[in-house]
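> Those letters in the sequence shown? Residues 1 to 449, by full-length UniProt numbering.
No lab work stands behind these hints, which were simulated from the structure alone.
None of these values were measured; they are calculated from a predicted model.
A few of these clues could be false.
Unchecked claim - Pairs of lysine to aspartate or glutamate, EDC-like flavour, derived with a Cα cap of 16 Å:
(1) Lys273 / Asp181
(2) Lys53 / Asp115
(3) Lys39 / Asp89
(4) Lys342 / Asp89
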Amino acid sequence: MNPFTAPLEIQRRMLTQGMEAAEKMRLLPNRLEDLASVKVGQTPSEVIYSENKLNLLHYESLTDDPHNTPLLVVYALINRPYILDLQPDKSVVRRFLEDGFDVYLIDWGEPSQLDASLTLGDYVNRYIDNCVDVVRERTGTDAINILGYCMGGTLSTMYAALHSEKVRSLGLMATGLCFDDTGGILEQWGSEEYFDPEAITETYRNVPAEFLAAGFAQMNPVDTYLGKYTILFDNLDDRTAVENFGRMERWVRDGVDVAGEAYRQFIEDIYQKNALYQNELVLDGTPVDIGNLTMPVLQIIGSFDHLIPPDASKPFTEVIPSEDTDIYEFPTGHVGMAVSGKAHAELWPRVATWFRERSVTQTGESATVSQGEAEAEADQDQSLQTLDGIGPTYEERLHDAGITTVTQLAAAEPVSLADRLGLSESRVTAWVEQARQFTGSSDDSAGSS
Numbered sequence: 001m002n003p004f005t006a007p008l009e010i011q012r013r014m015l016t017q018g019m020e021a022a023e024k025m026r027l028l029p030n031r032l033e034d035l036a037s038v039k040v041g042q043t044p045s046e047v048i049y050s051e052n053k054l055n056l057l058h059y060e061s062l063t064d065d066p067h068n069t070p071l072l073v074v075y076a077l078i079n080r081p082y083i084l085d086l087q088p089d090k091s092v093v094r095r096f097l098e099d100g101f102d103v104y105l106i107d108w109g110e111p112s113q114l115d116a117s118l119t120l121g122d123y124v125n126r127y128i129d130n131c132v133d134v135v136r137e138r139t140g141t142d143a144i145n146i147l148g149y150c151m152g153g154t155l156s157t158m159y160a161a162l163h164s165e166k167v168r169s170l171g172l173m174a175t176g177l178c179f180d181d182t183g184g185i186l187e188q189w190g191s192e193e194y195f196d197p198e199a200i201t202e203t204y205r206n207v208p209a210e211f212l213a214a215g216f217a218q219m220n221p222v223d224t225y226l227g228k229y230t231i232l233f234d235n236l237d238d239r240t241a242v243e244n245f246g247r248m249e250r251w252v253r254d255g256v257d258v259a260g261e262a263y264r265q266f267i268e269d270i271y272q273k274n275a276l277y278q279n280e281l282v283l284d285g286t287p288v289d290i291g292n293l294t295m296p297v298l299q300i301i302g303s304f305d306h307l308i309p310p311d312a313s314k315p316f317t318e319v320i321p322s323e324d325t326d327i328y329e330f331p332t333g334h335v336g337m338a339v340s341g342k343a344h345a346e347l348w349p350r351v352a353t354w355f356r357e358r359s360v361t362q363t364g365e366s367a368t369v370s371q372g373e374a375e376a377e378a379d380q381d382q383s384l385q386t387l388d389g390i391g392p393t394y395e396e397r398l399h400d401a402g403i404t405t406v407t408q409l410a411a412a413e414p415v416s417l418a419d420r421l422g423l424s425e426s427r428v429t430a431w432v433e434q435a436r437q438f439t440g441s442s443d444d445s446a447g448s449s
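Between the sequences and the hints, there should be enough to build the whole structure, so can you do that?
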């Protein structure tokens, strides 16, 4: 259309759009400076343990009365973990700190060529296990909470199956667990028919970050190479939006190489053989028996996750013996789960509550409360939520069974109550023992119900 012969209203619109574009171009130099100066990972932390390239970070609770069971976050071997602490208002780490958790996070660093032979067993039975032991010793806790993200969730699942006595509760965030024509494009691309991971590791030893980034980009090429930059240009007059874009872009481009042998095993065993889901995975000669996953397990799933579709996660709940499982599915994608404002407003408070309800004070072999608390509260009918591990859901189930106070719970017979509730005897026994300690009653003085 010739702008000089177009109707007057169209000419006005074209002139306005041209002036807006010119104004945005004028802003471009300043906005490029904003992009280059963004800060990430601003929540204060300290390195409390290092091994090879790994650093274990500790973030101190932001409340005066932190929970007794700490949370260890296990990130993926790909990219940098600061996606979980991108900025103060979009920080998964900070959400837990605000809820009263002491948070520990594994930053894997980047493997050198000398690390190319590291196996999945090295990461699970050596690195994760050492970090868990450091946290347990530091906090005096027998078993801790673990939250794994993406590949870190798969590694966490292996760990929990091999070392179940050290895991209080297991959270799995956007975690690939089941690959039986359920894993979307990545499963198709990585199928044995089309892809040989050993060809990559024989060529490069460690898998280059650029190779991985190119593959992920090709899953959504229009948005990767065009769409997001169009959105950026449209928002050049919004400095906050530009800075948010800069933080995400910095993370996307801040990839790390992956140890070659661990990568080969992961593709072959997890994707191609579906060995974890089939309960056929072996690490260091030891079967990874998912039958050991009796602890509470939460899956956090993105409805629009194109990397790990919901069907690559959900079926796993059906093949493990845990009697306390939940799935929180949220309308977001793989990365949006960690950084979207809506997820931080609606999803992460629920996740923090889930962990809080299952956090238990542990000293030695059993859950305890202080003698002072027991004496002070012995004669009072406290809410069941006073006890660690009992949240609103379990309290409601106990009420339905006729148990409405701590005193009544202390008088209950665990085996009979567990049968009525449809829960494990060990879980109910732990509640009853807590209640008896809380009220100062003993096994002999407690009756039955």
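> Each hint: holds or not?
Here's how the hints hold up against the structure:
In summary, the hint linking Lys273 to Asp181 is supported, as the alpha carbons are separated by about 11 Å, within the 16 Å threshold. This hinted pair checks out: Lys53 and Asp115 have alpha carbons roughly 9 Å apart, not beyond 16 Å. Among the hinted pairs, Lys39 with Asp89 is consistent with the structure: their alpha-carbon atoms are about 13 Å apart, no more than 16 Å. Under the criterion of a C-alpha separation no larger than 16 Å, the hint pairing Lys342 with Asp89 is consistent with the structure, at around 11 Å.
When the structure is compared with the earlier hints, no violation turns up for any of them.
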